[in-house]
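So the sequence lines, in the order shown, correspond to chains A and B. Under our numbering, the first sequence has 27 at position 27, and the numbering climbs by one with no breaks. Under our numbering, the second sequence has 22 at position 22, and the numbering climbs by one with no breaks.
Heads up, some of the hints might be wrong.
As the list claims (entries may be wrong) - Calculated pairs, DMTMM-like style, for lysine to aspartate or glutamate (alpha carbon to alpha carbon, straight line, at most 20 Å):
#1 193/B with 247/B
#2 193/B with 233/B
#3 47/A with 136/A
#4 338/B with 316/B
#5 99/B with 79/B
#6 338/B with 139/B
#7 157/A with 106/A
#8 339/B with 139/B
#9 339/B with 289/B
#10 99/B with 158/A
#11 157/A with 79/B
#12 157/A with 102/B
#13 99/B with 391/B
#14 339/B with 316/B
#15 99/B with 151/A
#16 360/B with 103/B
#17 157/A with 337/B
#18 99/B with 148/A
#19 360/B with 337/B
#20 339/B with 137/B
#21 157/A with 370/B
Hints listed in this document are in silico derivations from the structure and should not be mistaken for laboratory results.
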Amino acid sequence: MTADAPVDGDAPAPEPQPELLHGALVSRWRGQVIAHPTRDAYVQVMKGLRDSGFDLCSDLCGVDYLTHPGRPLPGGVEPGRFEVVVNVVSTTQRRRVRVRVQVPGDDARVGSLFAVYPGSEAMEREAFDLLGIRFEGHPDLTRILMPEDWEGHPLRKDYPVGRVPVQFKAAAATR
Amino acid sequence: MSATDRLGTSEGAQEMASRSATGADELDREGGVLRMPEGPVLDPGDLIVEVVEDETMIINMGPQHPSTHGVLRLMIELDGETVLRTKPVIGYLHTGMEKTGEELTYLQGCTNVTRMDYLAPLFNECVFSMAVEQLLEIEVPPRATWTRMLLCELNRVSSHLVFMATNGMDVGAVSMMIYGFREREMILAFFEKCSGLRLNHDYIRPGGVAADLPDGWRDDVLAICDYIPGRLDQYDTLLTGQPIFHERTQGVGVITPEQALALSATGPILRSTGLAWDLRRDLPYQYYEQLEFDVIVGTYGDTFDRYAVRLNEMRESIRIIRQIVDLMPPGNYRVQDKKVTPPPRRRINESMEALIHHFKLFTEGFRVPEGEVYVSIESPRGELGCYLVSDGSARPYRMHIRDPSFANLQSLPTMMRGGFIADAVAVISSVDPVMGGVDR
Chain A
1 MTADAPVDGD APAPEPQPEL LHGALVSRWR GQVIAHPTRD AYVQVMKGLR DSGFDLCSDL
61 CGVDYLTHPG RPLPGGVEPG RFEVVVNVVS TTQRRRVRVR VQVPGDDARV GSLFAVYPGS
121 EAMEREAFDL LGIRFEGHPD LTRILMPEDW EGHPLRKDYP VGRVPVQFKA AAATR
Chain B
1 MSATDRLGTS EGAQEMASRS ATGADELDRE GGVLRMPEGP VLDPGDLIVE VVEDETMIIN
61 MGPQHPSTHG VLRLMIELDG ETVLRTKPVI GYLHTGMEKT GEELTYLQGC TNVTRMDYLA
121 PLFNECVFSM AVEQLLEIEV PPRATWTRML LCELNRVSSH LVFMATNGMD VGAVSMMIYG
181 FREREMILAF FEKCSGLRLN HDYIRPGGVA ADLPDGWRDD VLAICDYIPG RLDQYDTLLT
241 GQPIFHERTQ GVGVITPEQA LALSATGPIL RSTGLAWDLR RDLPYQYYEQ LEFDVIVGTY
301 GDTFDRYAVR LNEMRESIRI IRQIVDLMPP GNYRVQDKKV TPPPRRRINE SMEALIHHFK
361 LFTEGFRVPE GEVYVSIESP RGELGCYLVS DGSARPYRMH IRDPSFANLQ SLPTMMRGGF
421 IADAVAVISS VDPVMGGVDR
């Protein structure tokens with residue numbers, strides 16, 4: 001059961017007020033709370049989350065949805081090629097919120113969380129390194145896992161993975 | 001030396017400032033982090049020594065330094081013997097395991113993730129399996145979950161024992177190295193009995209565990225529970241009460257709770273600052289709610305506190321293990337769901353369908369419904385998370401592991417700032433980074 005189940009168009013059901021968290025659409029899936037801010041509002045939403053008690057940024061990663069564009073998203077969220085996924089925790093309220101930001105493929109840039117959560121620094125570098133998403137305002141956006149002079153971003157779905165072709169040589173007929 | 005004057009703290013406000021008061025500005029003003037690309041240092045023109053202003057010097061520690069726990073490289077800016085700024089440089093062990101994970105089926109995925117944080121392999125398997133199970137919406141049988149908890153707690157002890165060993169050696173107590181590894185071997189022998197392997201077990205799998213606990217497991221576990229606490233008391237004698245050890249560790253590498261939170265540090269680092277944050281208690285998973293245990297916290301957030309937190313966490317783990325041994329229920333060790341679980345071995349011998357079923361599961365794998373999920377557990381080093389995206393096929397679309405060592409390394413520059421270069425080794429060791437997990 002996804003939170004964005006299509007509402008039957010004919011039924012004059014009262015329009016359910018979309019749940020908002022600091023101005024971002026909220027969906028729920030398997031008991032997890034997911035906020036979907038727009039790219040412009042992203043840093044502001046994170047700031048709001050931090051000030052409302054989400055004091056620990058536990059994870060930040062990127063996803064490349066190049067070969068899977070039709071994933072379920074709540075109505076009104078325009079899917080982009082990339083997604084930046086941030087998990088924040090509140091150590092006082094003991095709950096967790098996941099934030100998913102859509103990032104278009106032709107302009108893969110998004111605001112940096114460094115000023116809000118300094119602990120996201122290495123994780124943003126990792127997302128930049130492996131997926132090529134640029135975080136604007138990051139103090140040191142360089143490669144972190146791959147070598148300095150590496151070309152390409154390996155976790156992108158169109159990154160060519162080196163393969164050794166398997167050759168099935170015709171065995172000499174024994175009889 | 002009394003507790004207060006070793007840090008020179010006044011008895012000020014005991015409450016934490018709000019989290020927003022500790023922003024990047026403050027941390028940057030405090031310095032600590034060396035913002036300098038790794039590239040230019042590699043130029044032969046300005047190799048190693050680079051005079052920034054007047055008297056400071058940048059030296060590289062590692063990646064082949066014996067006390068950097070693998071292949072961690074630190075660029076350290078020094079003023080005489082005082083560390084000004086530090087930059088951890090990682091990636092020397094990067095093997096693209098997240099990319100590999102996209103090519104493996106969900107059953108094969110565990111063999112991949114278990115190699116990340118190689119001192120706590122069972123936690124990696126556990127968090128990955130829990131994420132897959134959450135996507136599949138299957139409930140593993142109670143015995144499987146209790147078995148997972150039992151082995152994970154044993155793994156926590158064995159991982160902290162390695163910390164004891166290496167931390168002891170890094171500050172000069174070389175005999176600790178031998179003692180820590182000796183005790184750990186006892187736990188690894190039990191793991192070998194369960195899974196057939198000492199490390200990288202692939203024992204916890206989506207749907208349960210690979211095999212039931214071996215005959216006589218209760219005696220083995222209780223023997224460990226009886227043996228380890230006595231050894232921990234010996235460590236107390238050897239290290240905890242030792243004036244030389246105090247001198248090396250107390251007041252060294254201090255970090256405040258606000259800084260630790262801001263820098264996303266979790267686990268013993270965060271707890272050593274006095275903030276009781278343990279996912280087992282605060283966001284309970286599995287059956288930890290039914291168990292009685294204490295969350296160990298420190299006070300000063302220094303190297304000694306991080307040592308003491310880990311030492312006492314082992315005692316708590318032993319306490320948890322004793323409770324698990326009493327509570328272990330009978331029953332299935334894996335879920336009886338034909339979509340996920342292969343048929344039992346003897347059915348394969350007598351039934352063609354069972355053979356086909358077995359073959360399909362291990363070649364094609366099982367399909368997982370579309371969706372994305374983040375699951376986290378408390379590993380020996382902090383929050384270990386798994387973010388899993390499925391597109392409905394038999395392989396994960398994206399598999400991301402949030403490794404605690406990776407995030408914890410960010411607090412290293414703050415800890416090292418203002419300390420002596422000789423203390424750097426003690427501080428690195430107290431963070432307890434596992435480079436396999438950092439680089440993945």
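Right, here's what the structure says about each hint:
In summary, the hint linking residue 193/B to residue 247/B is not supported, as the alpha carbons are separated by about 41 Å, beyond the 20 Å threshold. For the proposed pair residue 193/B and residue 233/B, the alpha carbon gap of about 27 Å is over 20 Å, so the pair is violated. At roughly 16 Å between alpha-carbon atoms, residue 47/A and residue 136/A fall within 20 Å of each other, so this suggested pair holds. Proximity of residue 338/B to residue 316/B is assessed by CA-CA distance (about 38 Å); at most 20 Å being required, the pair is judged violated.
For the proposed pair residue 99/B and residue 79/B, the alpha carbon gap of about 41 Å is over 20 Å, so the pair is violated. Simply put, residue 338/B and residue 139/B have alpha-carbon atoms about 13 Å apart, close enough for the 20 Å limit, and the pair holds. With a CA separation close to 15 Å, the supplied pair residue 157/A and residue 106/A stays within the 20 Å bound. For the suggested pair residue 339/B and residue 139/B, the alpha carbons sit about 13 Å apart, so the restraint of at most 20 Å is met.
Between residue 339/B and residue 289/B, the direct Cα distance comes to roughly 30 Å. Violation of the 20 Å bound is thereby established for this hinted pair. Pair hint residue 99/B plus residue 158/A holds up; C-alpha atoms about 12 Å apart against a cutoff of 20 Å. Between residue 157/A and residue 79/B the CA atoms are separated by roughly 46 Å; this puts the pair beyond 20 Å, and the hint is violated. The suggested pairing of residue 157/A with residue 102/B holds, with an alpha-carbon distance near 10 Å, which does not exceed 20 Å.
At roughly 16 Å between alpha-carbon atoms, residue 99/B and residue 391/B fall within 20 Å of each other, so this suggested pair holds. With a C-alpha separation of about 38 Å, the suggested pair residue 339/B and residue 316/B falls outside the 20 Å cut-off, and the hint is violated. The hinted pair formed by residue 99/B and residue 151/A meets the criterion: a straight-line CA distance of about 16 Å does not exceed 20 Å. A hinted pair counts as satisfied when its Cα atoms are at most 20 Å apart, and residue 360/B with residue 103/B qualifies at roughly 17 Å.
Between residue 157/A and residue 337/B the CA atoms are separated by roughly 32 Å; this puts the pair beyond 20 Å, and the hint is violated. Between the alpha carbons of residue 99/B and residue 148/A the distance comes to roughly 19 Å, so the proposed pair stays at or under 20 Å and holds. For the hint linking residue 360/B to residue 337/B, the alpha-carbon distance of about 15 Å falls within 20 Å, and the restraint holds. The suggested pairing of residue 339/B with residue 137/B holds, with an alpha-carbon distance near 12 Å, which does not exceed 20 Å.
Between residue 157/A and residue 370/B, the direct Cα distance comes to roughly 18 Å. Compliance with the 20 Å bound is thereby established for this hinted pair.
In this structure, the hints that do not hold are numbers 1, 2, 4, 5, 9, 11, 14, 17, in rising order.
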